[in-house]
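*Asks:* Chains A and B supply the protein sequences, listed in that same order. Take our numbering: the last position of the first sequence gets the number 237, and nothing is skipped along the way. Take our numbering: the last position of the second sequence gets the number 496, and nothing is skipped along the way.
Bear in mind the hints are in silico, worked out from the structure with no lab data behind them.
Have a look at the derived ranges for each label pair, beta carbon to beta carbon:
#, chain 1, residue 1, chain 2, residue 2, range
1, B, A492, A, A53, 37 to 45 Å
2, A, G103, B, A492, 30 to 38 Å
3, A, P67, B, E369, 28 to 36 Å
4, A, D184, B, P166, 26 to 34 Å
5, A, G103, B, D96, 24 to 32 Å
6, B, L388, A, T135, 56 to 64 Å
7, B, L467, A, T142, 56 to 64 Å
Note that the coordinates shown come from a computational prediction; the quantities given were computed from them, not determined experimentally. Just so you know, even glycine gets a beta-carbon here, dropped at the ideal spot from N, CA and C.
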Amino acid sequence: MRSRGLWLPAVCGALIVLALIVWGIPWLTRDRPDVTSTPTPPPFSTVTPISLAPGQRACSSKVAFSPDTRSLVVLAAKQEGPTPPLRITARAPGYHAGATVPGGYEGLTSLAATVPGPQRSVLGEVCVENTGRRTVQLQGTTEGRIQNRAVTSVDGEPIEAKLSLILTEGANRSLADRPGEVLDRIAAFKPPFVGSVSLAIFGLLVLVGVPGGVLYAIWRGLTGADDDSDDAGGLRT
Amino acid sequence: MAVAVPVRARPRLRVGAIPRPLAGLLVACTLLSIAWTLVMAPLQGPDEHNHLGYVQQLAETGSGPRFSATTGASWSTEQRAWQDWGNLLSLIGVTDARPGYNPVEEQRFRRFEDSLPAGAREDGTGPNPVAQNPPLYYGYEAIPYWITRWTELPTRLLFMRLANVPLYLLIVVFAWLSAGEVFGRRRRAQTIAAGSVGLLPQLAFMSGVVNPDVLLATVWAAFAYVALVAVRVGPKPSTLLGLGGLSALSILTHGRGLAIIGPLLIVLAVMLWRARPLSRRVVGWTLGLLALPAAGLAAAIAYSSAHGGTASLTGEATSSTGAGTLTGFVSYLWQFYLPPLRTMSPQGPPYGYRQVFVEGLAGTFGSLEIQFPLWVYDALQFAAALGLLLAAGIVVRRFERLRGHGPQIVVLAGIVLCMLAVLHVSAYRDLQGPPFDPLLTGRYLLPLVTVMGLVIAYVCVNLPRRLGSLLGALVLTTFTVLGLCGLGLTVARFYA
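Given only the sequences and the hints, what does the whole structure look like? Please build it.
*Replies:* The structure is reproduced here in structure tokens:
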């Protein structure tokens, strides 16, 4: 191996390491909401309010709960005046949980109900009941792009709009706190040979191999003699 | 350009001895492409759900889907089930959404796959919004689909994505070879050109999703190389066959591929001009060459007419909205690249070269929702402007030497201008009617990346040696960092 001309790949390597540290450490350690499921994400552009009169109940079906689920989040739509309390419940085979959101919240805010998680991953439904004396408007969507399996019903009658609903762990956590969980999520819906272990190994290979390949190219291509007699007769015309 | 390229012996390829810098780049690019394949959530590439639907219908039935309504659906029952259980449709472009990664969702889908109803893979007959696309890329992708037909659909998609890796690597190889044609046997120029192409974040990302833009970029990279060879060696059967064949492949890949007719005619004109006086044999071969794209065009039109319904073969290459006016087009073009003059009325949304050339090529991933912080694009825009000024300065200073490379320059400029002309005319026409949206994104420029790499290399090799090498290395380093950071942003977007 030639030792001459190593200054350029060395400088580039240092820059890559520096950039990845400066960018990568905040990326890894920044707290983010840990979303366990998004049965129906918030609308992309247009909110379709779902009105619930006192005593009415809206339910969203086929919701995936995981043992990490701790928070059921619905969104209040724009509305005037005092807002009523809501009872948010999660129900699935072997699992039932609920919490009350006190009234008095503002429109266009997130309303989170803290609940215990199920023992295992399970499909079920989330319901929001208006337990107050005034009508409430919740955020829903009829956007064509929000096409999913969930069906929203009000008092048992399916409606066109889908209730915006997000499930989280209830606490913000960094990626560094949960590498295994992130790798498991990447491996979902992939063949068995793509698991968290193989992904971790491949991730390391990418982190080393991509800069390594580029630095090798810089070393052999940019620091040697321009006609590079080593490669005489190689892949070129 | 920098060094005169004398007429040499016939082109000779020896794949067995890959130059070391190129080998390093190919390793890096292979890893990047596979990483994008794994990290990008399923069906989250641009229109990937529609492209998958096209491939599946073609592979299962031998005929692609229709653009207009049919008795079937836009996607097969199998794909719709995956989209439902994987939460994949509402995920597209919605940053608050996450894919279905709960084990129970995967189990339910597996259960569905285990008892797949008859015909559940074949009922995605349409309407499919990409059905008017010519079938070449989809036919190519049908091969990995068919080979893995016994697996579940997510696995088939994974292998279809991986089938892009060779196409992507070919782009890098052709950029390397093109640099060899332009600069001669200079590893420095070849490394910078091929590296700045292969490591371009947008190209690496697109190689990890199912989309015909990757094949289109490969065909154009090959065309650029063969065109450069052609103007050097003259109208020989092999080069003419290559030019004609690649033109046909471009037309059969995508409507935007029609733009290749312009560069083809330019290359022919340059080649024939240099070969005067023309023999009858040369004229015959040239006419034969033109038969290839003509046949490709006829096949593409026939396919598109059968499947496209009201949509035309040309897709994004032309527009179904109004034609506009010449003055309006000039105004649009001005405002795309420069601040508007007082007399100009706005032409559509504020969308110009920054969004397409800088943000688009540096990387907006997924369905455009994954982006770098604005300061990154600001810095890249500044660097690109500086690079262009530097290039202009070198061109002026070395104009006399450049004149000796007129044919090469004409060919490369022709490739860029013809594609840009088609894209701009199309975008302008899109602005003339609802939804008044210029259909022009960074990935549409991928067929031009070889020329971009050559320009970067040209600037670098014309600077003092150390400075040029440093600049080239910095470009490669920057793209490497951006590529890795883009992967990180994507992980956070989908799996945090």
